[in-house]
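J.: Can you join these two chains into the complex? Each is in its own frame, and there are hints to help.
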Amino acid sequence: MTTVTLTVNGQEVSRDIEDRTLLAQFLRDTLRLTGTHVGCDTTQCGACTVLLNGKPVKSCTVLAVSLDGAKVTTIEGLAANGQLHPMQERFRERHALQCGFCTPGMVMAAVGVVERNNGNVTEELVREQLEGNICRCTGYAGIVEAVMDVAEMYRDGKVSQNVPV
Amino acid sequence: MYPSEFSYKRPKTLAEALSLIASDDGAVFMSGGMTLLPAMKHRLQEPSMLIDLRGIADLHGISVEGGVLTIGAATPHAEVASSDVVKSAIPALAALAGSIADPQVRNMGTIGGSIANNDPSADYPSAALGLGATIVTNARSIPADDFFTGMFSTALEPGEIVVKVAFPIPASAGYAKFRSQASRYAMAGSFVAKTGSGVRVAITGSGNDGVYRWSEAEAALTAALTETALDGITASPDDMMEDMHGDAAYRAALVTRMTRLAVANQGAAHIV
Ligand SMILES: Cc1cc2nc3c(=O)[nH]c(=O)nc-3n(C[C@H](O)[C@H](O)[C@H](O)COP(=O)(O)OP(=O)(O)OC[C@H]3O[C@@H](n4cnc5c(N)ncnc54)[C@H](O)[C@@H]3O)c2cc1C
Ligand code: FES
Ligand code: FES
Numbered sequence: 001m002t003t004v005t006l007t008v009n010g011q012e013v014s015r016d017i018e019d020r021t022l023l024a025q026f027l028r029d030t031l032r033l034t035g036t037h038v039g040c041d042t043t044q045c046g047a048c049t050v051l052l053n054g055k056p057v058k059s060c061t062v063l064a065v066s067l068d069g070a071k072v073t074t075i076e077g078l079a080a081n082g083q084l085h086p087m088q089e090r091f092r093e094r095h096a097l098q099c100g101f102c103t104p105g106m107v108m109a110a111v112g113v114v115e116r117n118n119g120n121v122t123e124e125l126v127r128e129q130l131e132g133n134i135c136r137c138t139g140y141a142g143i144v145e146a147v148m149d150v151a152e153m154y155r156d157g158k159v160s161q162n163v164p165v
Numbered sequence: 166m167y168p169s170e171f172s173y174k175r176p177k178t179l180a181e182a183l184s185l186i187a188s189d190d191g192a193v194f195m196s197g198g199m200t201l202l203p204a205m206k207h208r209l210q211e212p213s214m215l216i217d218l219r220g221i222a223d224l225h226g227i228s229v230e231g232g233v234l235t236i237g238a239a240t241p242h243a244e245v246a247s248s249d250v251v252k253s254a255i256p257a258l259a260a261l262a263g264s265i266a267d268p269q270v271r272n273m274g275t276i277g278g279s280i281a282n283n284d285p286s287a288d289y290p291s292a293a294l295g296l297g298a299t300i301v302t303n304a305r306s307i308p309a310d311d312f313f314t315g316m317f318s319t320a321l322e323p324g325e326i327v328v329k330v331a332f333p334i335p336a337s338a339g340y341a342k343f344r345s346q347a348s349r350y351a352m353a354g355s356f357v358a359k360t361g362s363g364v365r366v367a368i369t370g371s372g373n374d375g376v377y378r379w380s381e382a383e384a385a386l387t388a389a390l391t392e393t394a395l396d397g398i399t400a401s402p403d404d405m406m407e408d409m410h411g412d413a414a415y416r417a418a419l420v421t422r423m424t425r426l427a428v429a430n431q432g433a434a435h436i437v
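Chain order of the listed sequences is A and B. Read in order, the letters of the first sequence correspond to residues 1 to 165 in the numbering used here. Read in order, the letters of the second sequence correspond to residues 166 to 437 in the numbering used here.
Isolated chain B (complex conformation) (with noise of 0.2 Å):
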């Protein structure tokens, strides 16, 4: 399948990315192209420019300063996994970055792409949401609850870029998904994170209006960050997604086993 024509340029810097874009409406930017080509080949996206950001180094790297662990928006998911720095700092964010999708796809896909496009089963804006990240763009920093707005939806305008994910480390993390059997996008996972102010838990792949902090759990687990906190406590159906692979009933039953399961792995990534 060949997608329609476009023109390809690789810009080294941002500034030449921004004139690119500005230049051409029916230009759009380009990391991993995991999730973009597909689509283009499918003709459900036909962008008369690509403009591929991989060339600019302001989105590489990945480093901790301050208690902060920065990652570049062009590193692929299979760097984050294997990064020793990561490893170190926030050992579930790189298993969670180990369990996307599989290796080909991991040595492509790109954790900026990922969260620009927040797709409502992605398992990036479940992390950034847990930690409290901030999204760097060219242009500001937009903190990770004011950045996803709804399914496929962010707070980037037209035109700018995530130059790099910002992530305070937090005192634990773990995170836990259930696959959905074909696709292996996540049916529902939680990420638990005990941060400065409080444990946070996001969750992804259920939420009719993607990724999304579940509060009730969140006050449990500040309480005491145990699996036994959370006894009781069940995620409520509304607002769940439903489709051929599941009903509300029982995505919102696996967010909260999914939950239990984050919290009784911190520290590392359980997937089922």
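The following block holds chain A by itself, in its conformation from the complex (with noise of 0.2 Å):
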């Protein structure tokens, strides 16, 4: 066991934990933040995906031991003030989800794609940076669209803090 002190959702937390506990794991069963999904479990689909210092990784290959001082993004940090993040509401707009499963995954590597590219994307690239995301129901035109949307918002200075701090 070893103790992990690390800064989720910009709370700081502290937790004695196995040493081989995954990150998706240390979300969903001792901080009980279950809005992680795991799908695949072997690095692939992009469910897990959360924000580590600020970018994209698949949680469920990240051990937590090793996270001492870092600070973690959940979906459950995204929205602010009762506001959901514009992300999170284009996805709804623009029927960017169905079953849900992958969806808050998918919502934190697009947040990614947005904050990597300074809003500065095409189609062709969003579709790109989008490969280590996998959906089964939406066949990715409203992901696309929603993503497309906040970094035009984001261009024109609409969407000041994409990535919380």
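Please keep in mind that the hints were generated in silico from the structure rather than gathered at the bench. If you're wondering where the values come from, they're calculated on a predicted model, not measured in any experiment. Note that beta-carbon positions come from the ideal geometry of N, C-alpha and C, so glycine has one too. Wrong hints could be hidden among the right ones.
As the list claims (entries may be wrong) - Restricting the straight-line Cα-Cα distance to at most 30 Å, the calculated cross-link-like pairs of lysine-lysine (DSS-like) are: (1) B:K174 / A:K71; (2) B:K174 / A:K55; (3) B:K359 / A:K71; (4) B:K252 / A:K71; (5) A:K55 / B:K177; (6) A:K55 / B:K252.
Unchecked claim - Per the computed footprint, the stretches of chain A lying under chain B, defined by three or more beta-carbons under 8 Å from a beta-carbon of chain B, are: (7) 41-55; (8) 106-119; (9) 136-144.
T.: Structure follows, in structure tokens:
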């Protein structure tokens, strides 16, 4: 067992965990933040995507014990002051989800796409950079539209804090 | 899926890492964990100790000096892909790094881990071999020509740490790969570089022994770095991998095609 101290969705948490605990399990089982989904558990589907120090990673394949001092943002940490994050809002508007299983990871990865490119994206780039996230329902069309919408808002300065700190 | 139990260590110096690895027969090094952790979750590997190398300062940093680009072993693929230093020194290398896996994996996986693992379908080994890089470890400097010794096998001794990779900056270089539609790993990748000692062509994803140099193409391209120089030259299906994705003849055809594309795309990566 090791004590790990990190910031999750803006709050410092400190827990004694087994060294083998994966970040996805730490979030879901230890912190009871079950918004982060585990789909494949083999680093492929992206359902478990969270932001680690502002960058998307697959939490099923990161050791929680390695994150002392790190900042993690999960889907629960996106909405602020009772308002959905623009990416969540646009996903709703654009019908970018059906069963919703891939959605938390897809939204976190999508936030990463906008951030990494300062909103300067093309449809092709969005599709390419969502390669690590699989959706079995939507056919991706609505998802890509939602990301394009937020990218445009970002360029226009309508999204000031894309990645919460 | 839980990996088996192990103890996690994060040394701050090479000396500390070396004494840890010597202290436990079941200890292994970890960098991004993008190959190791999936293997451990499947219980294909059950180390008793994981030594995370990412806290060691010597394994970080990107710099250019005297015509050589040096990249610290613990540098994630995403950092190489977006580095202005790499983009201006060897643009094809930045583009290759940006074509590995997906953004999430690129934020974790490292160049040192990829090279130490020497997956026969991985991208970096082709750049290291194609550019005639030197792999610098805690103990010595190993030329890429001697480093990659077969599928998943390298010249690293047990307990040896890749510290950095030094790439001589070529006159030009290009990369082309054809990906498996399922895994997105290369089924054939060709890295073509015009170096001080002629053109080098390194092939990944296809050979039974992992990454290799295609000498026939090298000779033709050293005479002239043009697609037409390759007219009439085709890769041999001998020693090509065969699996459910394609047979040896198909892989050989892809190697020929990717090499032509790498010649046509100097300064870039062409991803099919
Ligand atoms: C979904 C997915 C898709 C992928 N697609 C691709 C792809 O298209 N192309 C590609 O090239 N790769 C791909 N990869 C592999 C990825 O690039 C890995 O990051 C990389 O192969 C290993 O790097 P790592 O830092 O994660 O190493 P780790 O998993 O931490 O380690 C791998 C091995 O190297 C050893 N090791 C690590 N660092 C060192 C060091 N400094 N010195 C000595 N030994 C060391 C470890 O002991 C272990 O045996 C993919 C991975 C995933 C999960
Ligand atoms: S659950 Fe982590 S990538 Fe699928
Ligand atoms: S909405 Fe069902 S998997 Fe994406």
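J.: For each hint, tell me whether it holds in the structure or not.
T.: Going down the list of hints, with the structure as the test:
1. Distance hint between K174 (chain B) and K71 (chain A) is fulfilled; the C-alpha atoms sit about 20 Å from each other, no more than 30 Å.
2. Taken as a hint, the K174 (chain B) and K55 (chain A) pair is honoured in the structure, with Cα atoms around 24 Å apart against an allowance of 30 Å.
3. Distance check on the hinted pair: K359 (chain B) and K71 (chain A) sit about 43 Å apart at the alpha-carbon level, beyond 30 Å; violated.
4. For the hint pairing K252 (chain B) with K71 (chain A), the CA-to-CA distance comes to about 29 Å; that is within 30 Å, so the pair holds.
5. The suggested pairing of K55 (chain A) with K177 (chain B) holds, with an alpha-carbon distance near 24 Å, which does not exceed 30 Å.
6. Among the hinted pairs, K55 (chain A) with K252 (chain B) is consistent with the structure: their alpha-carbon atoms are about 21 Å apart, no more than 30 Å.
7. Counting residues of the region 41-55 of chain A whose beta carbon lies closer than 8 Å to any beta carbon of chain B gives 7, which reaches the threshold of three, so the coverage claim holds.
8. Check on the region 106-119 of chain A: 4 of its residues sit with their Cβ under 8 Å from a Cβ of chain B, so the three-residue criterion for coverage holds.
9. Only when three residues or more bring their CB closer than 8 Å to a CB of chain B does the claim for the region 136-144 of chain A stand; here the count is 0, and the claim is violated.
Hint compliance for this structure: hints 3, 9 are broken, all remaining hints hold.
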